[in-house]
Structure formats: C-alpha cells, structure tokens
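Spelled out, the chains give:
There are 4 protein chains.
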Amino acid sequence: LERKRAREYGVTIGWRPTGALNAITDVAGVRVGQATVIREGGPDGSGSVRTGVTAIFPGDGLPWHERVYAGTHILNGYGELIGINQIQEWGLLQSPIVLTSSLAIGKAYDATVKWITGQDPETAEDAPMPVVTECDDSFLSDVLEYPLSDDDVFGALDAAARGPVEEGCVGAGTGMQCFDFKGGIGTSSRVLPPDRGGYTVGALVLTNFGDRAELRIDGVQVGLELTDLMPENHSEGSCIAVIATDAPMLPHQVRRLAARAGLGLARTGSTAGNGSGEQMLAFSTGNVLAVDSTEPSVDVRALLDGPGDRSPAVFSPLFAATVEAVEEAVVNALFMSATTRGRDGNVLHALPIDRTLELLERHGRLASA
Amino acid sequence: LERKRAREYGVTIGWRPTGALNAITDVAGVRVGQATVIREGGPDGSGSVRTGVTAIFPGDGLPWHERVYAGTHILNGYGELIGINQIQEWGLLQSPIVLTSSLAIGKAYDATVKWITGQDPETAEDAPMPVVTECDDSFLSDVLEYPLSDDDVFGALDAAARGPVEEGCVGAGTGMQCFDFKGGIGTSSRVLPPDRGGYTVGALVLTNFGDRAELRIDGVQVGLELTDLMPENHSEGSCIAVIATDAPMLPHQVRRLAARAGLGLARTGSTAGNGSGEQMLAFSTGNVLAVDSTEPSVDVRALLDGPGDRSPAVFSPLFAATVEAVEEAVVNALFMSATTRGRDGNVLHALPIDRTLELLERHGRLASA
Amino acid sequence: LERKRAREYGVTIGWRPTGALNAITDVAGVRVGQATVIREGGPDGSGSVRTGVTAIFPGDGLPWHERVYAGTHILNGYGELIGINQIQEWGLLQSPIVLTSSLAIGKAYDATVKWITGQDPETAEDAPMPVVTECDDSFLSDVLEYPLSDDDVFGALDAAARGPVEEGCVGAGTGMQCFDFKGGIGTSSRVLPPDRGGYTVGALVLTNFGDRAELRIDGVQVGLELTDLMPENHSEGSCIAVIATDAPMLPHQVRRLAARAGLGLARTGSTAGNGSGEQMLAFSTGNVLAVDSTEPSVDVRALLDGPGDRSPAVFSPLFAATVEAVEEAVVNALFMSATTRGRDGNVLHALPIDRTLELLERHGRLASA
Amino acid sequence: LERKRAREYGVTIGWRPTGALNAITDVAGVRVGQATVIREGGPDGSGSVRTGVTAIFPGDGLPWHERVYAGTHILNGYGELIGINQIQEWGLLQSPIVLTSSLAIGKAYDATVKWITGQDPETAEDAPMPVVTECDDSFLSDVLEYPLSDDDVFGALDAAARGPVEEGCVGAGTGMQCFDFKGGIGTSSRVLPPDRGGYTVGALVLTNFGDRAELRIDGVQVGLELTDLMPENHSEGSCIAVIATDAPMLPHQVRRLAARAGLGLARTGSTAGNGSGEQMLAFSTGNVLAVDSTEPSVDVRALLDGPGDRSPAVFSPLFAATVEAVEEAVVNALFMSATTRGRDGNVLHALPIDRTLELLERHGRLASA
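As you go down the protein sequences, you meet chains A, B, C and D in turn.
Per my numbering, residue 5 is the first one in the first sequence, and the count goes up by one each step.
Per my numbering, residue 5 is the first one in the second sequence, and the count goes up by one each step.
Per my numbering, residue 5 is the first one in the third sequence, and the count goes up by one each step.
Per my numbering, residue 5 is the first one in the fourth sequence, and the count goes up by one each step.
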C-alpha cells in the first residue's frame, strides 16, 4: 500500500498556494540529498539500525563559494545545531546543512569536513565549519553501534539534487518518531502573489517530536481519538525545520522566518517539550555573496517594509507562508512515514490514514470529495 | 445583551482542567487592577478616547519588597517592554506590570514611578524601574490627546485585587483590536494533576493582533467564513501575554514558559505579523526573594527534571498548560469584547458569538449541548 | 581653570588616528544636541537639580524619513533602553537617541513622542517609538522633583547640530559619576586607512560607572593611587555608549560594533558592575532607507569579509577602532567633567588632572615630554 | 631554560588575592586532564602534528550524575561550542568540557560520547550531549591528517585530576597562537574576602587570538615594542575561556560571569577579531543537582543581592575577580608557552620573557625590585 502526501487525499493546510513541487526545492537552486542506512540486527532485533543523513544545499554551487544569508531560532534547546554561533555572528550559510541521528553528529561533522576539504583543499586554511544538526532515533536504531560511516554522509551530500524530495522514512528521517507515530522527513512550500513580490517559501522538517494527545491535523485534534498504536516508550524527541526563500532577506530578516517555523509546529500540536530540540534554520537565496570581491563592501538586495513607508507589505505574508509550509511539512511527514520495526523489536506505527481522513471529514475539513 | 466567556457557551480549549476562576488570579496571590478611560469627543468623534491601564501584581505585598523570578520572550519586537533588560539580567520582577496604550507608556512609566516612590520613598535611592508595556489603540482612541493621567495609572494600581478578572473592553483592553474584531483583555488558567506537582498556570493577554483570514477558534478557521464586520483599516497591532505560575521556577525556567505563550497565540492564528509586538512575560510566585537577608545567598526552590533523573516530569505539562491557557485567554478576549465606536467614528465590531458557535458546532467542536 | 580633553595634555589612547573633531560627529551627518538643567535648591541643597538631556541624530533629516541600520548590545542590563525590541527585530533606527536621567525616561519618552508628532503629525499613525535611555544622577540631583520638562527635551532635540560636541557636565552628563569622580559626556573617533575603506567610527558615552580601585587610564592603574576625593556614597551607576560609523553595515554587523564598545569600557576598568546598566547602541549611516520606495526590496550596501574571500579585511579594524574610541571617550568624560556640588550638598570631585598626568608620566605614558 | 608563570617574575595582574594554586582547580572539586599529541612529519615538516585535548570536569563524580548550573557567552561567534543550546535552555552542565583543535571536534565529540556511554551505558537512552569546543591550530598542525584518535580523547578525560594545571604548549594548547606569539593553556584564580562570601573564581583559557600591535601586559602596550618574532601568517584565531566558581549561582547568574570573561580578554588587547571565536562558559559548583530526586523540585542555593536589599554585595566582586583571573590566565599562557616549530616548518615564537620584563619595569609595573 503506497502512502501519499496529505494534499493528495484532499487535506489542505491553510489557504495559500503551494509551489510546483510543494517542496523546499521550489525555491530555485535548493538541493536535497539523502542517504538511508538500514541494517538488520540479531533475531531479537539487537543491533538493528534505522538511521540516515539528509543534506540541504542552498544552491547549485559549492556553499563556501556561493554564500547566502541565514538565521536560526531555537524554540527549545535540548538539541545540537553545530554551526549556530557562526550563523548568528556572521549571518552566513557557507556549508551544506546536514541532518542526522543525535549520537552521529560527531561522525557527520567529521565526514562533512572531509567532503568539503576533498572538494576544495584550500578551505582547510579557513577551518570549514559545517552546519550539522540532529534528532534522536535511538528507539528504533542501535546508536551505540555508531552505524554511520563517512560514505553514508558522502552519499547524502553527493546525491543532492533539485526536484521532488523523498519524504517519510528516508535519510535522517529513517528512525524518527512524531506524536508517538512514525515520523520522518516532510516538506511543503508556499508562493506569494505577484503584488507581494511573488516570492517562494519552502520548508523541510525532520519530525521527531510531539505527544499523541496534542496532535492536531488541520486544526482537528485527531490525537485525542487515535489513542491506540502507541509505542512502548514515549520520547520527547526533537524537530528540525529548515526554511528556504528566494525573497532577498538580510540575516536579521531571515532569522525572523526561522522564528515563525515554531508557530507552524504549534499548529500541529507542538508545545516544545522539555526534552526536545526544536531548532530552526532559515536562509535566503536572494543574495549570493561571492568570495572574489576585491571591495570591502558589496551591493545586496534587502526587503524593506515598515510603518510609514509605501513599499508593498511582504514580511507578514512571508511569515504566514512559513507557518503554513511548516505545518503542512509536518503533516506530510506523518502521512508519508510507514510503520517501522527496529532495534530490540521496537515498533513505531504509521499514522492510520483512513481513520485520520474519516476524522477530518467528520470535522468538515476535507477539501471537496 | 451580555457577553459571556467561551466556556459558558461550551467552547473548550484543550483538555486540561482550569483553575477555579479560569483566570490568572488562580495563581495564589496574583492581583489585577484596571482603569478604563473613556471620553467622548466632538460630534464627528474627533478627540474620542478609548484607552486604559491594566496592572498585574505578583503578590499581596509591595513587589520591590517581595521580589519574584521572571523571564521574558519577544516573539516579534515591534513593541515596547520597558524593564526587559533588568528582567533578562537579574531575573527579577520587582514592580507591578503595567499595560497601556503605546503612546502612553511614557506617562504610565512616570506615574508608576511616582506611585512606587509614594508608597515607599526609600525606593528612589535605587531608581525603581517598573515594567511597562503597550499595544496601540490609536484606531479607536485619539492618542495625540495624551489622555492618560497620573490618576488613571494610580487607579489601576490601587484597584489591584485577587478574584475574578474583568475581560474584554476594560483597562488597557478598552480600545484594542483582534483579528479585525474588537479585542481586549482575556484570561484563563490550567491546573496540573497532583502527580505533576499540582501547579497552576495562569495567563492574561492584551489582544491587539491578527489578520481575520487567519483566525482559528479551537482549530476551526472561523476567520475564513466570518468575512464581514471588518474595520476600515487593518492594523497589525500587538499582543502582550503575562504568565503566572506557582511552580517554583528559576529565571531561566520561567523564561521558557514565556516562550510557550507564543505557541498559544499561534493556535489562534497568530503569525506574529511584521508590525506587531508579541511580547511575553512570565513569573513564578514559587519563590519570594525578600530584601532583608543578611546573607549573600539564600535557599530557593527550583524545578528539576531532565533525562536521566527520576523526578516526575513537570516542565512539559507546564508548557502544554501555558499553551492552552494563552489560547483560551485570547478566545475569551474575543468573546467578551463588545462592539466599540471611537475616534473619528471608527468602529470595531465584536466577534458575532452566535455565528461563531454555529461554525464550531458544524465542525463538531462544541462540548455537548 | 579650564579643563581640556585628554589629547591636549598628551594622553593618547591606542595608536589609530582620530577624525578631525575626535568626536562622534566626525561621522558625516551625525548631530548632537544637549540641554542642561541646573536648579539650586534650599540652603541645605535639598531640591537641587543637576540633570539634562543629550540627543543624537544619525543624519540631517527626520530619522523616521531617513532610517538607518542599528544594533544594540547589553553588557549589563540593570538599565533601560526603550526601543531595544524594535531595533533588535527590524534593525532600524528611526528616531533620535535620547539620553537622560533614570527617573526621567517616562517624561523624556513622552516629550520625544510629542516632538516627533509635532514635526510630522502623520507619524502618529505608526506609533512612533523613540529610543530613550538613561543613567541615574540621583546622587547630585533631586530626582523626586521630576525636574525635567517637555521644553528641556525639546531643547536638546532642537539644538542638535554637527560640529564639536560639548563634553563633561553637560546634557545628560550633568549629574553623572564615574569611577567615584565626576563623570559625564565624552566623545572620540577613529579613522581607518584608505586601504581598509577609510571609514570613520565615532563614540559618545554617558559615563556613570566604575569603582575607583579599578580606574585605568591608558593602562595605568591610577585608581589605586588616587584614593582621596571620594564621594560619600559609591553607586554602581551605568554607562551608555553610542557608536556611529559610515561603514555600510547591516543590522547584524553594526550590532557587532555595539558589542565591542564593552571592550573599550573594560580597558578603563569597567567590570560591568551588578547594579550597572552598560547599554550600547551602534548605527551605520552607510545606508539610508527611504520610506518612499514602491518596491518590496531595495539595494543596500553591505560590508563583506570572511575566510576565503579576497576583500580587504575591515571588520577587525572597525572593531579595534571602536574599542579605542570608546576608551578615549570615557577618558575625555573624566578629563572634561568639573567638580560638582548638588542635592543635599553631595559633591563629586573632578579627576585631578595634574596628579593624573604625573602618574601617567611616571609610567611612561605621556606622548610628548 | 624553564619558563615560569607571570607571578614568579613579579608580574601581578589586578590586586585581588589568588587561590592556593592560582588555577581553576582552586575551585574545590574541579579537575583538569590533558593529552598532548605531537607527531613529526617529513623532513620539510609536512604532516607534522601539534595538537591535543584539554578536558575540564566540574567535580569528582560523573558529570551526568552530579550536574551543575552553567551559562555561556559568545563574544564573537566564529567558532563552535557544541552543547551551547542545551546549556542556554536548561542551564545545566552534564558532561566534561572538552577543548581541542577546530577540525577535530567531530572526532572529539564522537570519542567523548563513547567515553560517556562506556562509563555508564544507561546514558545512551538520553543521548548524552557533551560540550566540545575548539580553536584552530592548523598553522602548526597538519589538520587534514585528522590526527586525533579516540584514545587521545580518552587520555585527556581519564587524566583529569585536581591540583596544579599544566600550562602552555599542552593539551588543546599544543599548537595555538596568541598575539602572534606562541599561545596555549593558561589558568589563574581569585578569592573573595570572607565578608563577601569568601568565594573562589577560577579561569582556564585556551588562547589562540590577538594582533601583536594590541598586546597589553598589565596595561603596558608591549606589543607596540615587541615587533619582531612574528609568524609568517597572522591568523585571527579564537579564545575559549572556562570559568568555575563555588559561589552558589543560578544559570542566569553564572552566565553573567561568562560575559565578564570577555572584559578580561579586552584588558590583554583582545578586540574580538572578526574571524575569532571568543567563547566563554562558566559554571558553579555551589549546587549539585542529583538525578535521584523523586520530587519535582529541589532546594538550591542562590546568590542574592540587589538595590534595596541588605545582603552583602557579592556579584560585583565576583565580576571583578573573573576579569582579573581571565586577564592573568592569558598572561600565564603567554609566559608558559615555548617556541614551537610545526607543519611545513612554520614557527611560532615564544613571548620573550626578558624583554617583556624589561618593558614592564620601565613602565613601573614590576611588583618587587
């Protein structure tokens, strides 16, 4: 039985139009690559591995040659976002963004540095500082096996491509848990109308968060009715949200998009649990800061609107688009993630789509029929 | 026609139990005082005033004698929260929290300082730094009249009392706008079960934010169907949320509650608009830091839970309680605020309760009947 | 006996060249206006007033028509910087920067709003949010008299002009205390060499901080030897530092200048005392963001340098220039402030210049000879 | 020729008394372990390795069983401090603090996780998140050899002990550069008088920062006179400062100590260069938060002082003690680091002690004589 994205079942989040792919890759140039690592363990499931890597590039070129402005927001900080200091200080994204399993970030960092210096040995002079972040997949994956290899990371980085993004149990999402269902990778996008700049906002989420009782889909508290299919252990998990836009935003502006990602999570039922790492990173492809300028300053393009000026208001539409895209990306992750058995026989059940649609219909939320 | 709170119509937000009053004053000791300033202008409405002051005290005593731990969170910073630096640095609330109209914060600050030094002249030695914050009521109130007087501020401060809190068009809420309806003051509370400490969380909001098309009540997008009753001008407004709890939380802990208030706003449809000041302040009455200690350090009580320890998990329930209380406080503000005509004949319409309930019922959201 | 600036005595801070005026007004367009309020009290000094207002404009025009990028840094937060939320969120300075006495900020805010709406009534639509900050002058000034009037504030705003800046006991500096000597207003500037952009950095400080035992002038611990001339009460005070530059810096870049101001204070002996408000604000005149754009985005100029690029490194020189300018501005404030008697006969003694120079000479620090 | 610490030559920084060891280990329970990794390369120096690991434990036990409050401050963010999100959110240090070479943090993280789960397999449940930070030693060490092994990291962790701390070219300091001289590890401490609590503050720094022209020792600009002995390349480097205290400080309080560490750096000539990672972490051993509590809250001890209370003022003395200890720790790192030749024959010269002392004497800064 193939699982499909939420919109294919008539589930529509918000009212703003999506991009062509309804994915972060609707933002021109953005590339995503994933490597899934699955290994069977002993008969009892010991040593089973369900993990992987997801890598996001802001453009077609090498990120340290074509740097873009970026910003972060930590809604809850029980998680790692290596690279955050540099982004907050310089406002620059100059590496791929690498998502993986919590205990594997050391290995992923190491491998990404090797990949960068392999592509371009001169970068070693400047101590490349890749962005690496994580959620914990130890319920399904035997993390003490340290299953991730350099090649797994290289695989995700080399696979990065434009176009549709695989969702669900793939890449870093392979072993994740969301609202006590199986979680994983989800994506979505929104496009602003021409008189608001026509900009695109795309979101990619790695969902590993949420209490079942809080789960809302399109405003309907389905978690209060879908009370079975629970895992043996509830874990508070984490959630990574990456936001891309082609709107020409400065570092302090794109940071504001990152903050809105948390509002999209809230609509799905996140209360940013104590042991969760709700970590958001947003970047704009609207300016590419080359490294071959011989001047101390360069021209960049910046959004401008505020009380008193006459420019068309674009920030608020961009904010609302971000909230919608993140909400839908989480829903897509739930719709696309299949039931998975892993370490020690632990099982995470998929969101039951039929029952979910029935609940949405009963609450008048299904688009047409 | 008297307006009633949402729960009295069967509208229930979330599933956690409220305190006895379903108000911020369910947190023992918390007091609220309000002063409403209404003045009629000329026949055309010029010079009409619809403003006021709402004051919150963390306890029964003088706040600078009975200091409590506090923390803030700025979801969007197009607003003023005088006192924020000291709270972030020292983690202390040592004044009443005063809410009023944007252009009146200078006057309110001045008057609050006078009130403090009047109660206790010795405080002048230490430059009392009251907490004063605002939303903009200039659509309904002629702010250039600078209508607020010292006595109005004294009135709110002196009126502070335990017990039920008046909601809607009262105090600082007199002239506010919310989702293009009439907004104002709202409050709500939640109580944790005994095995989670039995703590109470209360919220008071001053609602002056939101786009109609985003309004959700209990997850139902009523704003997409209630498209009439719009004001002549949409303003992005602001929202102040004050969170109180008796859980013994340290400054860095209570700051986390403040951050969750934004998630409650998100559930009602906030996307934290560009020109809005979403400003949150949380405090804990669980420790009262006296000023007469002769030791350099004192014993305080602190919440403790985290991975690896055995203490009952209370942070996540406190976070979820905060989200629910803030969401319901916003809904209460909408239910309780009546249609108001003000400056230049401008009108903000009240949320039409009948039509709202009908929509909720159609979406299966009304508790019984 | 006229007091002179430090350099006129051969005291040179750092090694970078100053601008023509060695003042914040070396940054083209920056204007400073001050109003000094002195009132004699009763025979015992009760009711004596020693206070004032200092206002800084980033350019020649109305700040809300010619907005510039700004950033802040709070080294210690026991102080108020009204307007900080908006600057952190939007990165814009759109008002004059008003410095005054702690208890007078309500009045100063009120008066500045009136001045703004008086200049341009349309601004009332957008709730003008002026930047107002403070240090506590209550040792010399009877703050409970609430001596500041609207006209005093208007006076400082209307007096704003390019050119030399009066230092010492003037404007907001009238009643301040620094390292237990008389403090006040100080200013200084630095100019980068042409191959580093030739940019100017200017600093203006309101000095009301410091323990005598920590005072260093040009690295010499003069405070350990100048142990007399102490006031009756030591107060921890505060320090405001305003940094201006014509380097075209974005909000997140100019914020970094603000952070360096604290390092300049450190060199004079600041340890950012517990009860002090070390508040820094930096702005760049390198971009003026007009309000009449009809496009959602505009071209701006931004500094660019980092590992791997070829542009001339300018950030580090700008940082070092900021540190030097702030250090020298503090020293100028001490050199220019005269002994002052105020409230209740309280006295703050001026730094004894002769003895200071003697100490510097003995430590080989005097330029000439 | 053995190099000695600054005080042994009569160089005294500030005026506050040191602890018995003048080291971070003067704070009872604090342990430091170091592993130095030196490997000779080819005849031309290619492949030469000069690197290592320094590990700091807050107490005698396992840090995740005996958690302490911690806080961080990033003066300039071009560096990594893995673990910062959790410290900012929870305020807890629950791992050793591991310092190493920039490109080795992935490996160091990985190895530290293995060490933790090796000590205590149950911690894998909770995704141990060690604190790992870095400075770049690539001028002397061939970082692309990825020379650090798990055993090197284990070595530093296992070697952790109370008592004197080795300084200079040791552990993570093996290959570092400071003010264009050889840098490395330095430490110092201060003790408050009994009437200020008698608390101890200790600092350990990893110095890899600074422009020669800015170097000040005890206020004397020796860098302007010591203009030879320059390396072939200037690198902006970084600086890590770790502050320990036994004063019972809460997370928001100890964070304030971290911020003061930057002021100590400033006194030595740091202007927090653009490409530098000035990263500070402070912790208090005054409360140990066990993991076996069965209550949701616990008693902790907290510093208390502020305007209006009667407790003895301890924050400001603690701040000044931090500034002094950090300044002296940097000076010790310079005094103790010997000339080192490494990768590709690159050389970093040691601070010439004789000439330095001569300069200090000429400026009247030597204690004895």
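Possibly wrong hints are sitting among the right ones.
[Claimed, not checked] Here are a few chain B residues that face chain D, going by a calculated C-beta distance under 7 Å:
id: 1; residue: Val-195
id: 2; residue: Pro-197
id: 3; residue: Pro-198
id: 4; residue: Gly-201
id: 5; residue: Ser-315
id: 6; residue: Val-318
id: 7; residue: Ser-320
id: 8; residue: Val-351
id: 9; residue: Ile-357
[Said to hold, decoys possible] In silico lysine to aspartate or glutamate, EDC-like type, Cα no more than 20 Å apart, as pairs:
id: 10; chain 1: B; residue 1: Lys-118; chain 2: C; residue 2: Glu-12
id: 11; chain 1: A; residue 1: Lys-118; chain 2: D; residue 2: Asp-154
id: 12; chain 1: A; residue 1: Lys-118; chain 2: D; residue 2: Glu-229
id: 13; chain 1: C; residue 1: Lys-118; chain 2: B; residue 2: Glu-126
id: 14; chain 1: C; residue 1: Lys-118; chain 2: B; residue 2: Glu-149
id: 15; chain 1: B; residue 1: Lys-118; chain 2: C; residue 2: Asp-154
id: 16; chain 1: D; residue 1: Lys-118; chain 2: A; residue 2: Asp-250
id: 17; chain 1: D; residue 1: Lys-118; chain 2: A; residue 2: Asp-154
None of these hints come from the bench; they were simulated from the model.
The beta carbon of each residue, even a glycine, is placed where N, CA and C say it ideally should be.
Q: Please work out if A:Lys-118 and D:Glu-229 have their alpha carbons no farther apart than 20 Å.
A: At roughly 41 Å apart (the allowed maximum being 20 Å), D:Glu-229 and A:Lys-118 break the hint.
Q: Against chain D, run the beta carbon of B:Val-195 and see if the smallest gap drops under 7 Å.
A: Violated. Min distance 14 Å.
Q | Restraint outcome when B:Ile-357 is required to lie within 7 Å of chain D by C-beta distance | A | Cβ of B:Ile-357 sits 40 Å from chain D, so the hint is violated.
Q: Tell me if B:Val-351 is really an interface residue toward chain D, meaning its C-beta lies closer than 7 Å to one of theirs.
A: This interface hint is violated because 45 Å lies over the 7 Å limit.
Q: Report holds or violated for the interface hint on B:Ser-315, using the least CB-CB distance to chain D and a cut-off of 7 Å.
A: holds, 5 Å
Q) Can the hint on B:Pro-197 be confirmed by a CB-to-CB distance to chain D that is less than 7 Å? A) violated, 12 Å
Q) Given B:Ser-320 was flagged as interface, is its beta-carbon under 7 Å from a beta-carbon of chain D? A) B:Ser-320 check fails; min Cβ-Cβ to chain D is 12 Å, beyond 7 Å.
Q. Are the Cα positions of C:Lys-118 and B:Glu-126 separated by 20 Å at most?
A. violated, 32 Å
Q: For the pair we were handed, C:Lys-118 and B:Glu-149, check the Cα-Cα distance against 20 Å.
A: Within the cut-off at roughly 10 Å; holds.
Q: Quickly compare the C-alpha distance for A:Lys-118 and D:Asp-154 to 20 Å and report which way the hint goes.
A: Distance ~18 Å between A:Lys-118 and D:Asp-154 Cα, so the pair holds.
Q: Verify the proposed pairing of B:Lys-118 with C:Glu-12, using a straight-line Cα cut of 20 Å.
A: Not satisfied, since the Cα-Cα distance of roughly 44 Å exceeds 20 Å.
Q | Evaluation of the interface hint that places B:Val-318 against chain D, nearest CB under 7 Å | A | It holds, given that the least Cβ distance between B:Val-318 and chain D is near 4 Å, below 7 Å.
Hint compliance for this structure: hints 1, 2, 3, 7, 8, 9, 10, 12, 13, 16 are broken, all remaining hints hold.
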